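Each chain, letter by letter, is given below.
2 protein chains.
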Amino acid sequence: MQKQSAWRFRSSSVGLIKVEPNNDDYSMNNGDFENSSSADLLPFGKSDEKTQLFLKEIFEILLKYISKSFDRKCKILDFHHPHQLLEGIEGFSLNINGEAESLEQILVDCRDTLKYGVKTGHPRFFNQLSSGLDIVSLAADWVTSTANTNMFTFEIAPVFILMEDVIIKRMMKIIGWENIDGIFSPGGSINNLYSVMLARHKIMPDVKHSGLRGFPQLVMFQSKHAHYSNKRPAAILGIGLNNCIDIEVDERGHMKPEDLELKILQSKLDGKVPFYVTATAGTTVRGAFDEIVKISEVCKKYKIWLHVDAAWGGAVMMSQKHRHLVAGIEMSDSVTWNPHKMVGVVLQCSMFLTKHKRLLESCNNMRADYLFQQDKHYDITYDTGDKTIQCGRHVDVFKLWLSWRAKGDKGFCHHVERCIELARYLVRKIKKTPGFQLVFQEPEYSNVCFWYYPPSIRNICDEVIKNEKLGKVAPIIKSRMMERGSIMIGYQPLGSKVNFFRCVISNCAVNYDDIDFMVGEIERLGHDIDM
Amino acid sequence: MQKQSAWRFRSSSVGLIKVEPNNDDYSMNNGDFENSSSADLLPFGKSDEKTQLFLKEIFEILLKYISKSFDRKCKILDFHHPHQLLEGIEGFSLNINGEAESLEQILVDCRDTLKYGVKTGHPRFFNQLSSGLDIVSLAADWVTSTANTNMFTFEIAPVFILMEDVIIKRMMKIIGWENIDGIFSPGGSINNLYSVMLARHKIMPDVKHSGLRGFPQLVMFQSKHAHYSNKRPAAILGIGLNNCIDIEVDERGHMKPEDLELKILQSKLDGKVPFYVTATAGTTVRGAFDEIVKISEVCKKYKIWLHVDAAWGGAVMMSQKHRHLVAGIEMSDSVTWNPHKMVGVVLQCSMFLTKHKRLLESCNNMRADYLFQQDKHYDITYDTGDKTIQCGRHVDVFKLWLSWRAKGDKGFCHHVERCIELARYLVRKIKKTPGFQLVFQEPEYSNVCFWYYPPSIRNICDEVIKNEKLGKVAPIIKSRMMERGSIMIGYQPLGSKVNFFRCVISNCAVNYDDIDFMVGEIERLGHDIDM
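As you go down the protein sequences, you meet chains A and B in turn. Just so we're aligned, residue 1 is where the first sequence starts under the UniProt record's numbering, counting upward by one. Just so we're aligned, residue 1 is where the second sequence starts under the UniProt record's numbering, counting upward by one.
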């Protein structure tokens with residue numbers, strides 16, 4: 001089927017730079033897979049020769065993709081609408097019809113899957129908090145896949161189970177606690193869920209067996225700029241979203257400790273039990289850091305669990321220069337940190353950490369002795385099976401462990417500092433470029449939020465009309481950048497602020513020229529917008 | 001440090017076959033990495049040559065490992081105790097000291113990580129429900145790692161998001177529902193949690209916002225042989241484990257529908273609200289299949305959500321011959337299936353499926369419009385971000401998609417039927433081998449549970465003493481097999497049955513000789529046990 005775009009790109013009068021398409025025709029280097037099937041591979045094949053040849057072809061496809069990911073001449077994506085991909089493009093079909101395809105087709109499928117995807121490692125991909133393509137952690141993830149084991153017990157994952165222990169103990173020193181327990185889990189949302197569960201278990205251990213009925217109503221708090229996964233546990237755990245109270249933020253996007261205290265007192269007056277506060281280290285949109293010291297004082301006063309959601313901002317712990325942003329983190333009860341965000345470990349790699357030893361175990365264990373035998377011949381204290389809410393658990397630690405070994409503390413430190421420095425450069429650039437405006441004052445982290453005003457709306461005096469038009473600019477530019485594949489950057493509204501761009505820098509492949517290019521490209525893509 | 005085992009293997013008088021150690025000294029093929037660091041790799045290096053060389057070295061290590069995984073002459077594991085691995089063995093240190101290591105060391109680390117791990121793909125690894133090393137899905141996981149994207153939106157994972165949709169729709173036909181919705185999540189435990197959340201949301205949608213207080217007490221039910229993750233949601237969701245009722249099983253290990261009905265009625269008499277039943281398709285230990293048709297009739301009568309935990313047994317849906325084991329599955333409200341178990345997709349790959357459209361969305365959405373924009377230029381119905389309890393979600397679909405493309409329905413069917421056939425062969429073997437005894441009658445699936453009686457206890461008349469001694473046999477043999485690295489097979493007690501071996505066959509690399517070898521090896525390792 002011929003490639004066709006349903007959304008017609010209105011070409012700009014400004015000259016657009018040439019972006020090469022992602023064509024890399026798959027060519028056979030070794031062997032002929034046209035007449036081969038998966039039945040020729042191990043363990044069915046007579047030797048492992050065919051397997052090795054097949055994997056070599058896969059490897060070549062991956063090497064080409066990696067090289068293109070870092071190549072600024074290549075598009076970030078080759079955009080197609082859902083219906084186009086579902087209908088099939090240039091022979092690439094997503095269909096599962098039940099027939100077995102040849103290994104030749106399987107190789108083509110792998111190539112096409114990458115070809116029609118998004119190069120999240122591209123130096124001009126600023127779309128998500130996680131970006132980049134770190135070679136060492138990528139290698140580690142290949143090793144992990146190949147080891148194909150599971151994190152329940154030392155018995156079947158001896159090395160990985162101990163690496164998790166080693167990393168968690170190292171985090172104790174980095175955070176500054178005197179004790180630590182923790183677990184790697186599939187993402188910050190699950191980790192934030194762990195924290196609320198533990199806080200509930202600490203204050204009301206009987207809920208585990210008796211249920212919430214009959215207990216006083218629990219109430220939890222977070223800044224109105226907190227990630228939605230800080231609230232969702234209220235829905236999951238039976239606390240109710242109505243008992244999840246938003247705290248006001250100041251002009252820097254920081255939770256107001258005085259508003260927190262007020263709302264804690266109010267909830268007590270209502271006969272409820274305030275038990276849990278999230279402070280955010282690096283909010284999703286602004287990258288703001290709540291003031292942990294002040295919040296921890298309030299929490300201490302009212303004996304409330306303090307969780308720091310540092311999924312995005314936790315990386316500043318690696319930099320002496322920026323660590324002040326999480327000053328007081330050692331006063332928290334628990335922390336979420338996602339090394340797959342700022343320090344670039346490939347997806348997924350996320351930790352839940354708490355200073356309360358054995359609470360994870362006591363909260364989550366199900367005494368499934370028929371699965372976690374107590375009469376093993378080795379020291380079973382490292383078995384983690386009964387402290388998670390999962391059973392099987394993917395090996396996520398090795399990517400971080402290997403990356404840390406390869407880069408050292410200094411490498412992580414450099415990564416964070418470099419990304420923040422690039423963000424500051426972008427701020428300076430925005431300030432001096434006509435038509436661009438920062439949404440907030442100086443950012444604390446690497447999130448930079450800004451509007452672009454096309455010339456046609458710059459001189460509108462009526463602020464209401466101007467804002468209404470401005471809110472439509474970012475979606476139009478976003479659709480154009482996706483069609484062109486030249487840059488990727490997200491947008492969203494926030495409270496009364498209409499749609500604005502949020503540029504996030506977490507990819508160490510980004511350089512100053514990429515920042516300049518991004519600003520220039522937004523102008524090229526948007527200057528002719530006239531509504 | 002010299003390798004030393006703290007647990008001394010008492011050599012058996014029966015000749016043990018030679019098992020080769022896992023030594024494969026890492027040798028440089030290309031380039032010199034001794035003086036290279038991660039700073040020489042992309043995006044820092046001037047060209048991608050060094051990156052390609054580094055990844056080629058990794059690839060060679062993986063190829064060697066894969067080859068050894070299938071090689072019966074190689075050990076499954078090279079056992080060391082936790083303290084030995086933590087102290088460091090033959091230069092392999094798990095330590096993170098903050099210094100950056102050379103790329104040479106990083107390569108050695110990768111080799112050693114695999115060397116001291118467990119070869120879960122080995123044809124004599126019968127230890128877990130997930131085993132084997134499927135080459136196509138392994139290749140898919142390498143592609144997934146390299147694509148390094150996230151499952152929230154079509155925007156950044158266009159191909160993978162649609163593949164998930166394609167697979168889920170195919171599951172609709174396979175299960176026999178008229179509608180479907182679903183999500184890939186990190187494991188069966190999380191999927192079982194989804195099912196209880198949805199059942200609660202369907203019966204009490206206000207709980208999401210108001211919390212459980214004020215609502216009648218919910219009660220849920222599962223067989224006493226169900227996996228513990230079917231009960232844990234009661235602890236998480238605030239229902240309470242005391243309100244999670246075990247149902248008796250018959251001699252085949254099937255939940256008794258009449259006991260279920262009795263306990264439902266009892267809970268109603270107690271003023272509670274029965275709302276959720278799990279039927280297990282393939283119990284963890286015995287591999288028993290609850291009778292879904294009978295259970296669904298009870299559920300229908302009392303308007304109760306029926307979940308089928310087919311994490312392990314769901315694969316029988318791919319076989320006409322064995323599909324009868326899940327007869328009635330189309331009458332369920334939701335299903336968990338883990339293709340990383342029986343059909344051998346590499347870890348992790350697990351689905352939650354429900355016939356109730358839009359319930360996932362209505363239960364889990366947080367209306368985080370600032371993250372999931374509604375004014376995008378493409379059809380956003382495929383964005384999954386707001387129907388999961390995660391935010392970022394690992395790409396788990398591609399492993400299954402590619403594997404299904406490569407093998408077809410027939411390949412999956414063959415896999416299941418072959419594993420069950422091998423299990424039946426093992427049953428016949430056990431019946432005719434002196435000293436071995438089946439714990440249960442004929443197995444329905446590929447779990448085979450048996451005891452081995454060493455000669456020293458075979459003639460003990462006092463059943464109490466005999467049983468007590470028997471319970472100690474499996475742990476001793478297990479420790480010996482781990483020391484030797486020749487086979488891996490799990491054991492556990494169940495109810496009044498003392499420790500017995502559970503052999504699970506889910507690896508299509510296993511052949512009849514491996515079954516013979518396993519039985520012979522248990523005898524070789526255990527015949528001299530004298531207590």
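One thing to keep in mind: the hints can contain errors.
[Unchecked claim] Derived pair list, reagent style DSS-like, types lysine-lysine, alpha-carbon separation capped at 25 Å: (1) Lys-497(B) with Lys-469(B); (2) Lys-472(A) with Lys-376(B); (3) Lys-50(A) with Lys-410(B); (4) Lys-224(B) with Lys-387(A); (5) Lys-376(A) with Lys-472(B).
To be clear, the hints were calculated from the coordinates, so they are not data collected in a lab. As the structure is a computational prediction, the values presented were derived from the model and not from experiment.
Tested hints:
1. Lys-497(B) with Lys-469(B): holds, 12 Å
2. Lys-472(A) with Lys-376(B): holds, 11 Å
3. Lys-50(A) with Lys-410(B): Holds - the C-alpha atoms of Lys-410(B) and Lys-50(A) are around 21 Å apart, at most 25 Å.
4. Lys-224(B) with Lys-387(A): holds, 21 Å
5. Lys-376(A) with Lys-472(B): With Cα atoms ~11 Å apart, Lys-376(A) and Lys-472(B) stay inside 25 Å; holds.
Hint compliance for this structure: no hint is broken.
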